[in-house]
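> Sequence:
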Amino acid sequence: MTKHKHKFPHSSSIQCCEYDEETKDMHITFISGGRHKFAGVDPDHFHAFKDHPSPGTHFHQHIRRKYKSEKID
Numbered sequence: 002m003t004k005h006k007h008k009f010p011h012s013s014s015i016q017c018c019e020y021d022e023e024t025k026d027m028h029i030t031f032i033s034g035g036r037h038k039f040a041g042v043d044p045d046h047f048h049a050f051k052d053h054p055s056p057g058t059h060f061h062q063h064i065r066r067k068y069k070s071e072k073i074d
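All residue numbers for the sequence shown refer to our numbering, where the first residue is 2 and numbers rise by one.
Simulated from the structure, these hints should not be mistaken for laboratory data. A hint or two may mislead.
Claimed, not checked - Derived DSSO-like pairs (lysine-lysine); straight-line CA-CA distance at most 27 Å:
hint: 1; residue 1: K51; residue 2: K6
hint: 2; residue 1: K67; residue 2: K51
hint: 3; residue 1: K69; residue 2: K51
hint: 4; residue 1: K67; residue 2: K25
hint: 5; residue 1: K38; residue 2: K4
To be verified - Derived DEER-like restraints, expressed as beta-carbon distance ranges:
hint: 6; residue 1: K67; residue 2: E22; range: 13 to 21 Å
hint: 7; residue 1: P54; residue 2: D74; range: 18 to 26 Å
hint: 8; residue 1: I73; residue 2: E23; range: 15 to 23 Å
Bear in mind that the values here come from a model prediction, so they are computed numbers and not experimental data. Yeah, the Cβ is synthetic: ideal placement off N, Cα and C, and Gly gets one too.
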């Protein structure tokens, strides 16, 4: 089981994310304080997201509406 954690120190909207390769769940923590779980995220989409120069842009274009999400307390 491999889990990845990544911080985005230069993003104005996303603080960090965690990705579980086994479950394909990605948790994103936003600067605003909200945290959401995105289910069934393809590993290639996770890696493209974490490596993108603008993670917020990538999130809105490739993750936000493509994957089922739920807010986490």
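> Each hint should be assessed against the structure and marked as holding or not.
Status of the hints after comparison with the structure:
A distance of roughly 9 Å separates the Cα atoms of K51 and K6; the hinted pair therefore holds under the 27 Å criterion. Distance restraint check for K67 and K51: the Cα-Cα separation of roughly 17 Å lies within the 27 Å cut-off, and the hinted pair is therefore satisfied. The suggested pairing of K69 with K51 holds, with an alpha-carbon distance near 19 Å, which does not exceed 27 Å. For the hint pairing K67 with K25, the CA-to-CA distance comes to about 14 Å; that is within 27 Å, so the pair holds.
Between the alpha carbons of K38 and K4 the distance comes to roughly 14 Å, so the proposed pair stays at or under 27 Å and holds. For the pair K67 and E22, the supplied restraint of 13 to 21 Å holds, since their beta-carbon distance comes to about 18 Å. Hint check: P54 to D74, Cβ distance near 31 Å, so the stated range 18 to 26 Å is violated. For the hinted restraint 15 to 23 Å between I73 and E23, the CB-CB distance of approximately 18 Å keeps it satisfied.
Checked against the numbered hints given earlier, this structure breaks only hint 7.
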